[in-house]
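Which chain is which? The protein sequence lines are A and B, in order. For reference, each letter of the first sequence is one residue, going 1 to 343 in our numbering. For reference, each letter of the second sequence is one residue, going 1 to 493 in our numbering.
These are computed hints drawn from the structure, not numbers from a lab. Note that this is a predicted model, so its numbers are computed, not measured. Each hint should be verified, as a subset may be incorrect.
To be verified - Derived DSSO-like pairs (lysine-lysine); straight-line CA-CA distance at most 30 Å: (1) B:Lys384 with A:Lys138; (2) B:Lys414 with B:Lys430; (3) B:Lys326 with A:Lys205; (4) B:Lys217 with A:Lys207; (5) B:Lys67 with A:Lys319; (6) B:Lys358 with A:Lys204; (7) A:Lys207 with B:Lys430; (8) A:Lys205 with B:Lys384; (9) A:Lys207 with B:Lys337; (10) B:Lys430 with A:Lys138; (11) B:Lys326 with A:Lys204; (12) B:Lys265 with A:Lys207; (13) B:Lys384 with B:Lys337; (14) B:Lys358 with B:Lys265.
What the hints assert, rightly or not - Partner residues are not named here, just some residues of chain A that face chain B (Cβ under 8 Å, in silico): (15) Ala41; (16) Pro42; (17) Lys175; (18) Phe208; (19) Gln220; (20) Tyr223; (21) Ser225; (22) Gly284; (23) Asn287; (24) Arg290.
We treat Cβ as the ideally placed atom computed from N, Cα and C, and that holds for glycine.
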Amino acid sequence: MSTKIGYRDSRSSRLTAGKVLSNYGIFIAFIILFVVLSFLAPGKFLTVLNILNIAKQISIVGLLATALTLVLIMGEIDISFAGLTTLCGIAVATWQGSALIQGIEGKVGFTMPVPLAMFLTLLLGLAGGLIVGLIVTKVRVTALLVTLGAGAIYEGFALFWSKARAVTGLKDSFKIFGQGYSLGVPNLVWIFIVFVIIITFIAKKTKFGRHVYAIGGNIQAAYLSGVPVTRVRTIVFGILGFTAALSGILLTSRLNSATPEPQPTYMLDAIAACVIGGTSLAGGVGNPARTVIGVLFLGVIYNGLTLLGVPVALQYIIKGAIIIGAIVLDSMKQRTEGGYVKE
Amino acid sequence: MSYLVMNDITKDFPGVRALDNVTIELERGEILGLVGENGAGKSTLMKILTGLLVDYRGDIIIDGAKKLFSSPIESIRTGISYIPQELNLIPKMRVYENILLGQEISDAGFIINYKKMFKVSETILNNIGVEINVNDFVENLGTGSQQLVEIARALSIKSKIIIMDEPTSALTSQEIEKLFDVISNLAKNGTSTIYISHKLEEVLTIANRIAVLKDGKLVGRGDVKEFDKNKLISMMVGHDVSQEFRQSTSKYQDVILEVKNLHYKDKVKDISFSVKAGEVLGIAGLMGSGRTELLKSIFGILRLEKGEIIISNKKTDIKNPLDAIKNGMGLVPEDRKKEGLILKLNVADNIVLSILNKVSKFGIILNRLQNKYIKEYIQYLNIKVASSQMLALNLSGGNQQKTVIAKWLATSPKLLLLDEATHGIDVGAKDEIYNLIRSFSEKGIAIIMVSSELAELIGLCDRIIVIRDGAMMGVLSHEEANEEKIMKLAMGG
Numbered sequence: 001m002s003t004k005i006g007y008r009d010s011r012s013s014r015l016t017a018g019k020v021l022s023n024y025g026i027f028i029a030f031i032i033l034f035v036v037l038s039f040l041a042p043g044k045f046l047t048v049l050n051i052l053n054i055a056k057q058i059s060i061v062g063l064l065a066t067a068l069t070l071v072l073i074m075g076e077i078d079i080s081f082a083g084l085t086t087l088c089g090i091a092v093a094t095w096q097g098s099a100l101i102q103g104i105e106g107k108v109g110f111t112m113p114v115p116l117a118m119f120l121t122l123l124l125g126l127a128g129g130l131i132v133g134l135i136v137t138k139v140r141v142t143a144l145l146v147t148l149g150a151g152a153i154y155e156g157f158a159l160f161w162s163k164a165r166a167v168t169g170l171k172d173s174f175k176i177f178g179q180g181y182s183l184g185v186p187n188l189v190w191i192f193i194v195f196v197i198i199i200t201f202i203a204k205k206t207k208f209g210r211h212v213y214a215i216g217g218n219i220q221a222a223y224l225s226g227v228p229v230t231r232v233r234t235i236v237f238g239i240l241g242f243t244a245a246l247s248g249i250l251l252t253s254r255l256n257s258a259t260p261e262p263q264p265t266y267m268l269d270a271i272a273a274c275v276i277g278g279t280s281l282a283g284g285v286g287n288p289a290r291t292v293i294g295v296l297f298l299g300v301i302y303n304g305l306t307l308l309g310v311p312v313a314l315q316y317i318i319k320g321a322i323i324i325g326a327i328v329l330d331s332m333k334q335r336t337e338g339g340y341v342k343e
Numbered sequence: 001m002s003y004l005v006m007n008d009i010t011k012d013f014p015g016v017r018a019l020d021n022v023t024i025e026l027e028r029g030e031i032l033g034l035v036g037e038n039g040a041g042k043s044t045l046m047k048i049l050t051g052l053l054v055d056y057r058g059d060i061i062i063d064g065a066k067k068l069f070s071s072p073i074e075s076i077r078t079g080i081s082y083i084p085q086e087l088n089l090i091p092k093m094r095v096y097e098n099i100l101l102g103q104e105i106s107d108a109g110f111i112i113n114y115k116k117m118f119k120v121s122e123t124i125l126n127n128i129g130v131e132i133n134v135n136d137f138v139e140n141l142g143t144g145s146q147q148l149v150e151i152a153r154a155l156s157i158k159s160k161i162i163i164m165d166e167p168t169s170a171l172t173s174q175e176i177e178k179l180f181d182v183i184s185n186l187a188k189n190g191t192s193t194i195y196i197s198h199k200l201e202e203v204l205t206i207a208n209r210i211a212v213l214k215d216g217k218l219v220g221r222g223d224v225k226e227f228d229k230n231k232l233i234s235m236m237v238g239h240d241v242s243q244e245f246r247q248s249t250s251k252y253q254d255v256i257l258e259v260k261n262l263h264y265k266d267k268v269k270d271i272s273f274s275v276k277a278g279e280v281l282g283i284a285g286l287m288g289s290g291r292t293e294l295l296k297s298i299f300g301i302l303r304l305e306k307g308e309i310i311i312s313n314k315k316t317d318i319k320n321p322l323d324a325i326k327n328g329m330g331l332v333p334e335d336r337k338k339e340g341l342i343l344k345l346n347v348a349d350n351i352v353l354s355i356l357n358k359v360s361k362f363g364i365i366l367n368r369l370q371n372k373y374i375k376e377y378i379q380y381l382n383i384k385v386a387s388s389q390m391l392a393l394n395l396s397g398g399n400q401q402k403t404v405i406a407k408w409l410a411t412s413p414k415l416l417l418l419d420e421a422t423h424g425i426d427v428g429a430k431d432e433i434y435n436l437i438r439s440f441s442e443k444g445i446a447i448i449m450v451s452s453e454l455a456e457l458i459g460l461c462d463r464i465i466v467i468r469d470g471a472m473m474g475v476l477s478h479e480e481a482n483e484e485k486i487m488k489l490a491m492g493g
């Protein structure tokens, strides 16, 4: 009889309605949403201009969400990236010699060419992420608390650096990233697409990516299998820091100015996009490419709500409800898969 | 009729009969000693009595009434308390809070009445002749006193039967004496005790009656006067073990691993030995004797305090598992789900996890390279999967274990460390793993295996090291090893 025990869960090989829904539910929901909005806002929603507008709006938060996916797959969390995005936005603005702070006479910051300012900003973000990563891995503290503190530090520096005012007067050559178009599509969107491809490739096709999944799935087993756990975890936080810097640069370029107040929705939207895209907060499961669906889903909903004239206050409530709904679905999936095992 | 009767209890796990028509009886105020080797079925029997396992055949009859426990809570309410080896106290709370945890005394339904709780706790402790300040924090008490607090807690819920699992494993001899006084007092007052222990002298001292389990069967029971230590040991090990698992091979001569004077806390004490290529070295000992810690300190998981590890005649510093792997070692850990596998990854990903360097170029994993290994090892180890994309989560225990072994084989190891490699898997898969161990040995892989199943060690190993309390008690060759000798060394007879 023992030879018959091949695998005991025959459900896993069958395609059930529940499986289809949990795997492809988000695609179906997205299509329904798309169709419904096309009818509710005729001539406004389904236009090239509006679609490009949505794409442009989601690109920056999309970058953050894609990198955050790696952190979540690894079973960690980071809530400092919005603060780092703000700080890096201020940095890249003040470091290009022409910048002005509103209401204050004279130029600010060091004078350096735009490419150098951008390069140093990216380094700043990378360093921020790596430092958080080192504290989490070497000192072994919870990422939630470390990044909570780090976020406050970033915002403090941003306020200090900008004297709590908006920084304007940027070089013209800097605008091309956030405002330019190539082949009729905004550069922002191109950058987002390329970034998603790179991160997905890293996650799915490289040794490093496999290590990330292994750590999120079972950090102890990964360590015992020879996975360089500390290094991989630190680098993943570094990648998110780098991405925050990239987002800060693009945001400043798009708005033509930098403000020291963090974008209030970035944190919420990025985490929500990951969860809606099927990344498990418990770690070990997720796909950066699917996070894009989450980002698109949120982007289309906000756009639709605005087109339909729904007040901002109500938009927040709807957004919150969607996030809780996605997390509830995720935890229900966890339960049916793993179960509360009683010996 | 006895106060408690567990009548004809049978319990099957997939492929294994853990209990086979076991009947035990317990009178009021009686102390029953329950003995047997690791895996003999003691824990399974107690899990049934405490409502942790619900799917069994047979009856539990308490005070003449048949009981069906569907959860631990029901068992506790019936008056059965279980005191595990690792105590269940809350260290940062005070003694009286622990004793009355879950049944706090309150005024008006919600305001805690400390005075009453003090008094009630003190009365319980006084009744069993124990002097502990109920206002102390539990973390400041010695293990012996903590044990007594557990007993007081059991009494506070008016338990009629107290089950103690290896209660003396961390106690000093004075504390043991105190504990025995308390247990005898309880017995006089009508509380019954089921006393589980590997320390046979203690069982013979404290118990009124003894029940002996072996391989899920009750092989002996009776008044304590009918037993002595040697009789107990020979009943526990039996004599029906076939010893034809393997013929010792000595094709290879090079020493793969030599360890000298290894020390890790009080778990590994001054251990030295060596293993040759193709040799199977067994490590026997009771649970908690330091077997797992020995393997873990060789594999770099536990940092050695003293001692040398010499691999292929070269002194090597193993700081972490990665170093161990680079030096040709692999470890199949005791708990395959927690330490061996990434359950959320599929079988293929698990197999190549430790050889990603070999199957990738410039950090990119090449399917062409990895598929070769995946196919080869699924076939070689006969891992039964519908496809290599199946999640490790959905495999049976035996196939999960084979997947862990496949991961290490893929690294072409020189030395494989196996910690309870056949634990909890069905008989067929066990046989397959035995065959694999034999074929690894023929290929010249050195093997160190820890196992609680003595028959397995005797059948497979060229030599067996027996350890007790972290120290080496003796080495037995394949020819001289038998269960009785091993048990005597392991128990300090």
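Next on the checklist: Hint validation: lysine 175 of chain A versus chain B, beta carbon distance must be below 8 Å. Holds or violated?
Outcome noted: violated, 36 Å
Item to check | Hint status (Cβ of arginine 290 of chain A to nearest Cβ of chain B, threshold 8 Å) | outcome: With Cβ-Cβ at 16 Å, over 8 Å, it is violated.
Checklist entry - Going by Cβ atoms only, is serine 225 of chain A closer than 8 Å to chain B? => result holds, 5 Å
Checklist entry - If you draw a straight line from the CA of lysine 207 of chain A to the CA of lysine 337 of chain B, is it 30 Å or shorter? => result Satisfied, since the Cα-Cα distance of roughly 22 Å is no more than 30 Å.
Next on the checklist: Hint check: lysine 430 of chain B vs lysine 138 of chain A, CA-CA at most 30 Å. Holds or violated?
Outcome noted: violated, 40 Å
Next on the checklist: For a C-alpha distance cap of 30 Å, please report whether lysine 358 of chain B and lysine 204 of chain A respect it.
Outcome noted: holds, 17 Å
Item to check | Cut-off 8 Å, beta-carbon criterion: hint that asparagine 287 of chain A touches chain B | outcome: violated, 13 Å
Checklist entry - Does lysine 205 of chain A pair with lysine 384 of chain B here, judged by a C-alpha cut-off of 30 Å? => result holds, 26 Å
Checklist entry - Does lysine 430 of chain B lie within 30 Å of lysine 207 of chain A when you go C-alpha to C-alpha? => result violated, 33 Å
Checklist entry - Holds or violated: is there a CB of chain B closer than 8 Å to the CB of alanine 41 of chain A? => result Interface hint status for alanine 41 of chain A: violated (41 Å vs cutoff 8 Å).
Checklist entry - Within a Cα-Cα threshold of 30 Å, do lysine 217 of chain B and lysine 207 of chain A meet the stated pairing? => result The hint is violated at about 50 Å.
Item to check | Hint check, tyrosine 223 of chain A versus chain B [nearest Cβ-Cβ separation less than 8 Å] | outcome: holds, 6 Å
Violated hints, listed in ascending order, are 1, 4, 5, 7, 10, 12, 14, 15, 16, 17, 23, 24; each of the other numbered hints is respected by the structure.
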